[in-house]
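Based on the sequences and whatever the hints tell you, model everything.
As you go down the protein sequences, you meet chains A and B in turn. Offset between the first sequence (1-based) and my numbering: plus 5. Offset between the second sequence (1-based) and my numbering: plus 1025.
To be clear, the hints were calculated from the coordinates, so they are not data collected in a lab. Heads up, a few of these hints could be off.
[As the list claims (entries may be wrong)] Which stretches of chain A does chain B cover? Using the computed rule of at least three CB atoms under 8 Å from a CB of chain B, they are:
(1) 48 to 62
(2) 144 to 158
[Said to hold, decoys possible] If you want a taste of the chain B side facing chain A, the calculated C-beta under 7 Å gives, among others:
(3) V1070
(4) D1071
(5) A1074
(6) A1079
(7) A1081
(8) F1086
(9) V1093
(10) R1338
(11) R1387
(12) A1390
(13) Q1394
Note that the Cβ used here is the ideal one computed from N, Cα and C, for glycine as well.
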Amino acid sequence: MRAPLWPYDSREVMGPSESFLIARARRGDPGAFEEIVRLYQRRVYGVALRIVRAPDVADDIAQEAFLRAWRSLDRFDLERPFGPWVCQIAANLAVNHVRSPRAREQGLPEAHGETKAAEPGPLGALLDAEGARVLEAAMAGLPQEQRAVLVLRAVEEMSYAEIAEALGISLGTVMSRLYRARERLARALGPYLGAAAQRRKAGAS
Amino acid sequence: MSDHEQERLSAYLDGELAPAETAAVKAHVSACQDCAARLAGLAAVDRAAAALPAAAPSGYFETLPARVRARLEPRAPTRRFPVWTWAAAAALLLAAITPLTLRQRPDASPSTGEIPAAAPATLASAPSPGEDPQAAPAAPKLATRAKHPAGAVATPLPIAANQASLDFSTKGELASAPPEADLRQSAERAAPGEARRAGGLASPPTAPAREALAAPRDEGAVREGASEAELLGSRARGQATSMPDRRAADVAADSVAQATAEDRPLARERAVGPMGGTISEPRAAGPEADWRRLSAVRPRTPDEWRRLREEWRRFAEADPGGPHVDDARVRTIQAGYRAWRTGADPADEVVFRRDASAYLEREDAMQKQRVRELLR
Chain A
6 MRAPLWPYDS
16 REVMGPSESF
26 LIARARRGDP
36 GAFEEIVRLY
46 QRRVYGVALR
56 IVRAPDVADD
66 IAQEAFLRAW
76 RSLDRFDLER
86 PFGPWVCQIA
96 ANLAVNHVRS
106 PRAREQGLPE
116 AHGETKAAEP
126 GPLGALLDAE
136 GARVLEAAMA
146 GLPQEQRAVL
156 VLRAVEEMSY
166 AEIAEALGIS
176 LGTVMSRLYR
186 ARERLARALG
196 PYLGAAAQRR
206 KAGAS
Chain B
1026 MSDHEQERLS
1036 AYLDGELAPA
1046 ETAAVKAHVS
1056 ACQDCAARLA
1066 GLAAVDRAAA
1076 ALPAAAPSGY
1086 FETLPARVRA
1096 RLEPRAPTRR
1106 FPVWTWAAAA
1116 ALLLAAITPL
1126 TLRQRPDASP
1136 STGEIPAAAP
1146 ATLASAPSPG
1156 EDPQAAPAAP
1166 KLATRAKHPA
1176 GAVATPLPIA
1186 ANQASLDFST
1196 KGELASAPPE
1206 ADLRQSAERA
1216 APGEARRAGG
1226 LASPPTAPAR
1236 EALAAPRDEG
1246 AVREGASEAE
1256 LLGSRARGQA
1266 TSMPDRRAAD
1276 VAADSVAQAT
1286 AEDRPLARER
1296 AVGPMGGTIS
1306 EPRAAGPEAD
1316 WRRLSAVRPR
1326 TPDEWRRLRE
1336 EWRRFAEADP
1346 GGPHVDDARV
1356 RTIQAGYRAW
1366 RTGADPADEV
1376 VFRRDASAYL
1386 EREDAMQKQR
1396 VRELLR
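This is how it looks when you write it as structure tokens:
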């Protein structure tokens, strides 16, 4: 039994008490920060897992991202939303982790294939089980830098500027990596996406 | 089609092209079926990638917050304390040192004699941190001492903290703790504070700094049980009502109504003010009762939201110096937002936008970010 990450709970979108909790955490209140972790953990862990693709590594990264956020709270602009900021930290850690030799030794972990077929999620509307497996494999096959950009854009819906800031790359690099990742996935998924679209059409008429 | 052009297609999808380029790509896509299909393909990739489940081990999210908390180092108290904190620290240092210097120079001028009068009192009333029951009266003692000018100079911070907690207990409105527990909290807060002041002669400037940290921490501890339940409750509600196409602002406005209890301690801190210098009598039950009543209202229809909006407006106008005025203003705006969203009446939108921009122009507005989210 695995806890689904999607849909995010609504409070993660814009917690009303977010700025209140952050203000308290800034004054050194660990309880307030624990609440912040509770609000954003799914997003942060999700970003990390989607990039590094190993639950234990994603756990390390999620914890480290929150710890760094805690240390840097003074520098955090209270007018900004907290979620994208901590996700940026996590993405940066994830990419740098994946680049490290240890991560390469570990290779790619087992995919979460066993949970997908059973889960009628939003993916079910787009792809059949076979298509989902192909997508999973294609994601796994992307260079990690491309995967990170795609995750931040498609899942976190960050702007190019935010992605560039998170990963320490230029806007042009964001644009080209994103395009390459999409292009590659589109090629792999082409037949399946078409099939799903046709099924929808058939179902509608 | 060149790579460069395809890249532009991808950036067009994200709205990241310059206006001129956007127009060019738009024109091309509307004329070229190939590119239109390509664009649709890229968009589908994003949707599929976002929908790909990423699962955590069972129970993972129940333990992560506590595991992170266990690893938090204390935050270095630099830069977070405004100038007055250091002024207070300096005053405390002066109060602590002066008796020592006086002992060495018995012929000191009488003009400095007033300040040490406070210092021995502070030291004398310092109970050891262990004796809770005896320590209980310490908080009231501090409060009365605040009226003494010299005492006020020497100990502005602890008074602010304790005044805040006394305020809770007299009103008896701290949902998560019975009044006795609350009083004990304030006593415990007072005791180590006093002890620190007594023993803190070596490094007095940090004592008030720690004091400033201590109060919010303790409150947080008291609140934790309740706020966790609230968070869980509202999370469940949020999930039940969250639709894929709902705007974040809608969700926010919903959950804001549930955030009352979390906001209260902040409101109180505001009421006391950073210096805690003005000691107000416990407020009459009127505004507090209204506050609780309005906070509990859960409107369903646009009309009910309108009524709530006007009630909050009256509340804020009736008690402009009160502890909840900032929240009341925000709630006015939020109720107005809900009235507009549920009833789709343009008149409500006008009121909502007018209220929101008036709030954003206020210098004392504490929740601008929240209001801006609603405007988005």
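Comparing the hints with the structure gives:
Check result for the region 48 to 62 of chain A against chain B: holds, 5 residues qualifying (beta carbon to beta carbon below 8 Å, three or more required). Residue count for the region 144 to 158 of chain A with a Cβ under 8 Å from a Cβ of chain B: 4. That meets the three needed, and the coverage hint holds. Below 7 Å, beta-carbon pairs count as interface contacts, and V1070/B has one with chain A at about 4 Å; its hint therefore holds. Interface hint status for D1071/B: upheld, as the beta-carbon distance to the closest one in chain A is roughly 4 Å, under 7 Å.
A least Cβ separation of about 4 Å between A1074/B and chain A falls short of the 7 Å threshold, and the interface hint therefore holds. Residue-level restraint check for A1079/B holds (minimum Cβ-Cβ distance to chain A is 5 Å; threshold 7 Å). Taken as an interface hint, A1081/B checks out: its beta carbon lies about 5 Å from the nearest beta carbon of chain A, inside 7 Å. Annotation: interface hint on F1086/B holds; nearest CB of chain A at approximately 6 Å, less than 7 Å.
With a cut of 7 Å, the hint placing V1093/B at the interface with chain A holds, because the nearest CB-to-CB distance is about 5 Å. With a least beta-carbon distance of about 20 Å to chain A, the hint placing R1338/B at the interface is violated under the 7 Å criterion. The criterion of a C-beta within 7 Å of any C-beta in chain A is not met by R1387/B, whose closest approach is roughly 16 Å, and the hint is violated. Below 7 Å, beta-carbon pairs count as interface contacts, and A1390/B has none with chain A, the closest being about 12 Å; its hint is therefore violated.
Residue-level restraint check for Q1394/B holds (minimum Cβ-Cβ distance to chain A is 5 Å; threshold 7 Å).
This entry does not satisfy hints 10, 11, 12, going by the numbered hints stated previously.
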